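Please arrange chain B on chain A, whose structure you already have, making use of the hints.
Spelled out from the first residue to the last, the chains are:
Number of protein chains: 2
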Amino acid sequence: MSDKNEQYQNDQYYEHHVFICMNQREDGRPCCADRGAQAAQEHAKRRIKELNLNGQGKVRINKSGCLDRCEEGPVLVVYPQGTWYTYVDNEDIDEIIDEHLVGGKVVARLKI
Amino acid sequence: MSDKNEQYQNDQYYEHHVFICMNQREDGRPCCADRGAQAAQEHAKRRIKELNLNGQGKVRINKSGCLDRCEEGPVLVVYPQGTWYTYVDNEDIDEIIDEHLVGGKVVARLKI
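Protein chains in written order, with this note's numbering: chain A, 1 to 112; chain B, 1001 to 1112.
Just to be clear, a hint being listed does not mean it is correct.
Partial pick of chain A residues on the chain B-facing surface, computed with a CB cut under 8 Å [claimed, not checked]:
(1) Asn62
(2) Gly65
(3) Trp84
Honestly, the hints are just simulated from the structure, not real lab data. Computed from a predicted structure; not experimentally measured. Beta carbons: idealized from backbone N, C-alpha and C, even for Gly.
If we strip away everything but chain A, and leave its shape as in the complex, we get:
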């Protein structure tokens, strides 16, 4: 890591800040909204709250506009790590929560 990046790495407001692409396209190209993004976002948000992991210093589940990786979607990204995932269903979302957000390990099979 460069010195330039190191100067930023302090006091993250959220330990894991998750952005789930919710974009709806009308032009026929693939989009995350057509591939279950809303259900995934609602499930992740509910589960993080149940686990009491939501809030400052912990986890934030966010909706986002188009993350511009449409052909690989549905996609989400976890910052500050910058780990990108795709998913199919709630079991995949749970695996990302349990392994990455709780356990701190990248889920290799879902990583893009």
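For chain B alone, kept in the frame of chain A given last:
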């Protein structure tokens, strides 16, 4: 930085991934949408495109849902650095673009 974080710090898809909170509240609490978020997002997106800084390995300007720092808004966050900013007008947005996204230096006066 912990070893745990270091394992993630490789090959960021975007050098700077900017999320601008666009949330509109209807409950009377402050919200970024009432404080110029849309104009800021459009300005940032247009300027980054003009500078030819948009795209993989460079910069992405994203809309996001509520970032949950409403009282400090309007807010945006730059990842993977995890630097949070507030802003008032397009001049502030330009300063964040010129100093942070291009120059790699935190804009202390706008940082929250």
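| task | Taking the numbered hints from earlier one at a time, note which ones the structure violates and give those numbers from smallest to largest. | result | none
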